[in-house]
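Here the structure of chain A is known, so what remains is to put chains B, C and D in place on it, guided by the hints.
Protein chains: 4
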Amino acid sequence: MTGTFRQEKISKIKVGVLGSTGIVGQQFVRMLNGHPWFETAALAASPAAAGRRYGDAVDWMLSGGCPSPAGRILLCRPTGSDLRRSGVHVVFSALPASVAGEMEEDLSGSGFRVFTNAGAFRMHPGVPVVIPEVNPDHLGLISGRESGEGFIVANANCSTTGLVLALKPLEGFGIRSLQVATFQALSGAGRSGLPALRAFDNVIPLIPGEEEKMSRETNRILGRREGGSITPADIEITATCCRVPVRDGHLEAVTAELEGDVDLSRIKRAFHDYKALPQRLRLPSAPRRPLIIRGESDRPQPALDRLAGTPRSARGMAVSIGRLSLRGRRLRFVLLVHNTIRGAAGTSLLNAEMAAARGLLDEGPSEGFRKEEPCGS
Amino acid sequence: MTGTFRQEKISKIKVGVLGSTGIVGQQFVRMLNGHPWFETAALAASPAAAGRRYGDAVDWMLSGGCPSPAGRILLCRPTGSDLRRSGVHVVFSALPASVAGEMEEDLSGSGFRVFTNAGAFRMHPGVPVVIPEVNPDHLGLISGRESGEGFIVANANCSTTGLVLALKPLEGFGIRSLQVATFQALSGAGRSGLPALRAFDNVIPLIPGEEEKMSRETNRILGRREGGSITPADIEITATCCRVPVRDGHLEAVTAELEGDVDLSRIKRAFHDYKALPQRLRLPSAPRRPLIIRGESDRPQPALDRLAGTPRSARGMAVSIGRLSLRGRRLRFVLLVHNTIRGAAGTSLLNAEMAAARGLLDEGPSEGFRKEEPCGS
Amino acid sequence: MTGTFRQEKISKIKVGVLGSTGIVGQQFVRMLNGHPWFETAALAASPAAAGRRYGDAVDWMLSGGCPSPAGRILLCRPTGSDLRRSGVHVVFSALPASVAGEMEEDLSGSGFRVFTNAGAFRMHPGVPVVIPEVNPDHLGLISGRESGEGFIVANANCSTTGLVLALKPLEGFGIRSLQVATFQALSGAGRSGLPALRAFDNVIPLIPGEEEKMSRETNRILGRREGGSITPADIEITATCCRVPVRDGHLEAVTAELEGDVDLSRIKRAFHDYKALPQRLRLPSAPRRPLIIRGESDRPQPALDRLAGTPRSARGMAVSIGRLSLRGRRLRFVLLVHNTIRGAAGTSLLNAEMAAARGLLDEGPSEGFRKEEPCGS
Amino acid sequence: MTGTFRQEKISKIKVGVLGSTGIVGQQFVRMLNGHPWFETAALAASPAAAGRRYGDAVDWMLSGGCPSPAGRILLCRPTGSDLRRSGVHVVFSALPASVAGEMEEDLSGSGFRVFTNAGAFRMHPGVPVVIPEVNPDHLGLISGRESGEGFIVANANCSTTGLVLALKPLEGFGIRSLQVATFQALSGAGRSGLPALRAFDNVIPLIPGEEEKMSRETNRILGRREGGSITPADIEITATCCRVPVRDGHLEAVTAELEGDVDLSRIKRAFHDYKALPQRLRLPSAPRRPLIIRGESDRPQPALDRLAGTPRSARGMAVSIGRLSLRGRRLRFVLLVHNTIRGAAGTSLLNAEMAAARGLLDEGPSEGFRKEEPCGS
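If you're matching them up, the sequences are chains A, B, C and D in order. My numbering puts the first residue of the first sequence at 7, with every later residue one more than the last. My numbering puts the first residue of the second sequence at 7, with every later residue one more than the last. My numbering puts the first residue of the third sequence at 7, with every later residue one more than the last. My numbering puts the first residue of the fourth sequence at 7, with every later residue one more than the last.
In isolation and in its complexed conformation, chain A is listed as follows:
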């Protein structure tokens, strides 16, 4: 079926990126470069930058340099009219929290399909927070919409994404409570989020809002969808989220209290064998294995494992797990997730790939929508 889907793709779907100059925006641009299904047609930034070449305006921070085709694109404003002028009706949003809410609502309201990394709507009943390997059925929240109507699909925050991917295969064993301590990378604070003197030779034991998000979003994603609503899971989560002087890659030390007795080999197997819809659909950004079990006693490590994931198009999309031990019903492990790839742009992109594979992006915006704001306005 995947093959069929691919062969039908005669022309690529034109997409835009909002907030394209930030760290997550740059990951979107990097991952969309040469993408088999999507074509980067619009890059939006703050209105002040509109009209400049992306390559000139961006303060590129990822290794390997800004992809040349993207570098030549002229920045547009993050408005419906500008995006539509570029032929775009699918957008990825890496907007800062302060503006994401209003802009994304406007865009989805006028027919755009928005895949957002921003947190504004993660608790909104009409917006699914999706990790394709975990809760693809939550996309059902938007399936009832009329043809041509826009929608918003959110991904979870970075540390939550890693955690939930590791929890999913454990669901069958019953998870009563979780204690999590995170070692979060600098890039999670954004391009200029943290002054060097603060971060250097230091651990900062607070990431505002993060602990609440981990608890709330984890339970929502692991929740059960019944029709158009989600009943959240009720795992008690105690998280302590800390910033450490590491460029990329969030490491998390997790202790989980399970509900019943189980032996460690079954847990290892559950992690190792875990595959889900994106793997079956062979989505372009899906890692062959979403979870990689490290047998070495001192792994995963950010410097070595943050780019885990094969094939090359899925680098940074696999979560690494190590230091598994079980005492009674208390399971301890350490996980590592690349915070701006799997924890942000990558999952958003995977969400869009899954939506495309399911035909949710095929149709153009509805007539009504088109009339409302004519091309060329």
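Simulated from the structure, these hints should not be mistaken for lab results. The reader is advised that the hints may include incorrect statements.
[Claimed, not checked] In silico SDA-like pairs for lysine to any residue, Cα to Cα no more than 20 Å straight-line:
1) Lys219(B) x Leu264(A)
2) Lys219(B) x Arg338(A)
3) Lys219(A) x Arg333(B)
4) Lys219(C) x Glu232(D)
5) Lys219(C) x Leu332(D)
6) Lys219(A) x Ser303(B)
[Unchecked claim] Residues on chain B that point at chain C, a partial pick, calculated with CB under 8 Å:
7) Ser69
8) Gly70
9) Asp207
10) Leu313
[Claimed, not checked] Pairwise CB distance ranges, derived in the manner of DEER restraints:
11) Glu302(D) x Thr316(A): 31 to 37 Å
12) Ser87(D) x Gln285(A): 45 to 51 Å
13) Ser319(C) x Met129(B): 44 to 50 Å
14) Ser74(A) x Gly266(D): 36 to 42 Å
15) Ser74(C) x Thr316(A): 40 to 46 Å
16) Gln285(C) x Gly93(B): 35 to 41 Å
17) Ser74(C) x Gly132(A): 35 to 41 Å
Even for Gly, the Cβ is constructed at its ideal location relative to N, Cα and C.
Frame of chain A, contents of chains B, C and D only:
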């Protein structure tokens, strides 16, 4: 009483440092410089270095430079005869694990009072592991010895010391189990323990043996002494110990399950009011408050708080605690301990100060001991 | 004479600090704490913060914590009326460049003695840029003023200060040209000057304006004063100024072309023997030796040597020099200067101490000045 | 011609790597993975490790993980018999200096073609030190050998390689003298060359032997070959080599005194237009442009530019140049070279590609050689 003790100190007690050129050895040298009760009379290193000036042989790594008086001392061998020749019968040991066991046993066997930071004897029934604020009564394990007999007093490993200091005031609330994730500094791995490329831009989620030590030593120190033996406490501890790129200061994220209901204000008060024997005796290296509660939401931080402790002679001797929260019976907090001061040399020194204040260092070695290996041999 | 001066100091001189919450402001606060001649009477910050306790408002970043007495001071506005209300007519300025010019001019115009670390007036003909060990005679630029008139005395920028201190003893050998590469610390960019992601695992080969300053200020400070004007030296300086991931301490690799033949031992002696007015006057913040020659082949190093300087009140005030070699007339050496102490607050303070010792701070502001802007306005 | 050469390559040349588990060894393994001309047939390490799978024995430190095919190879001893058993007669050497001399001499003496990164023979009259873009004619030193005879081709040390690549296009302007300060990365010190505590928050202003190498090797590589000997250039070089806390990428601040007048635009053009033999031959690891001029005022930076070089197979093979300025005849610029790619394994590989393209690797070892030590011994 303290005053009395001090006034009697007409001459200082001559002390030696074993393993004096390592990081912990350097902290001993630094803290002993200008000490009101102790005089550094011997600095020992590997036999190959014996005879060189300490200042020339040491690769000094602490800020502020090697103290001049210590720098002029000629290194001796870590043997009883060399130490005795310098008039020393009290030694601080910062020996590497590989040689500590045999050397310390030999020295204590021939009458030396050994205050050791090494782990060799921490589980030995005749060796108390003491944190003066927590279990000074464990010194009782050595009090039965005959006059002139040597002994070994150990301090706990670095991360355990911070943890136990924070747990002591909680004892009254009943601690059922603990989940701890540690963010441990580079200096804990020793002067050349960790290659730069391993540590840089990385978190290493394994510190060999550390998790077992935290569990074992914590329960021993919090154990009850009955005569000459210790009945350990039985707190279930799940620790995940990680190395982070920070020079000094171990941060620990702790979740404790308490036995009964309690409100947070009582816990805060217990931390804040906590004072113990070293404070009452006004030992020279005792911090006025062993625990410092930080009210800010993002503290403690290694870069800002690792040197906590007043007066100046107790810098780095206080443990900082922050991020206190309580949900049901689950208490969460973050603590910070300076690993080579309070977590190593400083507690060893405080142990010796307490032993001195109790008269355990006053007497010289016994006649028998003196005859055995005559001065000048 | 020094002694005499000190004995006369029955009451301390009340001083204020402008821009007191930044990194350099904090160094001023730290160094003024317990100062034998000066008393911190006013701490100014942006008007928005006025009225808050310094200890609550400051984001303290130096190890050891904010000094308690300073912490209790209520912040005032950086205006003449506020400062005067605190009885202050001597101020230290750590103002950001953007506002320093206007404020400092206003204050000096209305009678304040301003010792500034800001760059605004470093090329102003009426403002001496002084390093007390190098060009104390440049203070003459302000000596002609009428009694009660204010003035501005600047110190040089951080990397220049280290360089000029090392060049002064070489003046006798004739310096034709200089090539300098700097390895500058993060704290030089201010409290939030550099985002962590920029600084981390990186070298940034540009510090805007720094190379020009090094050339211009070096020649001005080494220039000859004739009456009220300075004839700058004309050393050709090629500087490449880079930021490296080090917290404190600017290291500089210097190659100097000398005018005549000389042997290395004479140069070493010139460095080693170098003492100047502050040492003779025994100013409180003067290091016993302003230059410390390191004989080891791999020194100075920021981590080990940035706090060089004795006595304790002069920690960080000595410049360390190493790796001296001479080939023909080309002299190569490496120097290290603590950028926020000797390179900023410390030299400013030393300037004020020298001015005090010379009686330039004794007199109160003139009557005219007082009338102009009455107390209580 | 290149095309012809490629089409003839029906089977790949089997190659081995000596010292394959170190950092440079790992770069060889990484760059040889999927190489169009060479096939990794033998990986040698210390005899103790022989027989273990490379993937199990190596402490892999490069991002992206150990290539699977290499991971499956069983380590052999670095001896002629072991290598020959694998069908190898071309070897890349990343041997540590202490053993490189003897081993490489033995191997070349018994017919192996050795491309070495070790420094043992860089000043040996019969061993060319080659950077393919700079002095391919120096390969002439080995062309006179008999068929089947072995040889050694060295590449220069890491910081020299970057410098010489930047100097080559300047040769025409006449270079009288150079002042260089280097900011060298941690990986240059090897996998465990530098303890973390030494490197962290520090600059170490000494890299033993490096300054002499820069001077000696630069002049040798820029020297003129006449028959079988090289007359070195005689540029006076004053280098100050420092280690900074950066993972990869050596940055160098260079001041060059030119012999005649020139304008900056000509120099820029010379840099920009520079292409040489590897580019013309389109060697697989040759970057399209060996020098990349950065127009931004704050580039190159290690974090952003160390992987410069297109196509993908040449990532890290281009040297970036920025901050160009000229005052009189004094040219200043900053360059950046990836020390373990272009500065080590990459140039060695490029040397082998050039040798292959010239037919120097085609012939098997001579009969005599084969007889001497029969296969299967």
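* Does the Cβ pair Glu302(D), Thr316(A) satisfy 31 to 37 Å? -> holds, 35 Å
* Asked: Keeping to a limit of 20 Å between CA atoms, is the pair of Lys219(B) and Leu264(A) held or broken?
  -> At roughly 25 Å apart (the allowed maximum being 20 Å), Leu264(A) and Lys219(B) break the hint.
* Per-residue hint verdict: Gly70(B), partner chain C, C-beta under 8 Å -> Check passed: Cβ of Gly70(B) comes within 6 Å of chain C, closer than 8 Å.
* Asked: Do Ser74(C) and Thr316(A) keep their Cβ atoms within the hinted range of 40 to 46 Å?
  -> violated, 58 Å
* Lys219(A) paired with Arg333(B) [C-alpha distance capped at 20 Å] -> It holds: about 17 Å lies between the C-alpha atoms, which stays within 20 Å.
* At the C-beta level, are Ser74(C) and Gly132(A) separated by a distance inside 35 to 41 Å? -> violated, 54 Å
* **Holds or violated: Lys219(C) to Glu232(D), with C-alpha atoms at most 20 Å apart** => Given that 20 Å is the threshold and the Cα spacing comes to 49 Å, the pair is violated.
* To do: Answer holds if the nearest beta-carbon of chain C is closer than 8 Å to that of Ser69(B); otherwise answer violated.
  => holds, 5 Å
* Cβ distance range 44 to 50 Å for Ser319(C) and Met129(B), holds or violated -> holds, 47 Å
* To do: Please work out if Lys219(B) and Arg338(A) have their alpha carbons no farther apart than 20 Å.
  => At roughly 17 Å apart (the allowed maximum being 20 Å), Arg338(A) and Lys219(B) satisfy the hint.
* **Consistency of beta-carbon spacing, Gln285(A) to Ser87(D), with hint 45 to 51 Å** => Holds - the Cβ-Cβ distance for Ser87(D) and Gln285(A), about 47 Å, lies within 45 to 51 Å.
* Using the C-beta atoms of Ser74(A) and Gly266(D), is the stated range 36 to 42 Å upheld? -> holds, 38 Å
The structure shown violates the earlier hints numbered 1, 4, 15 and 17.
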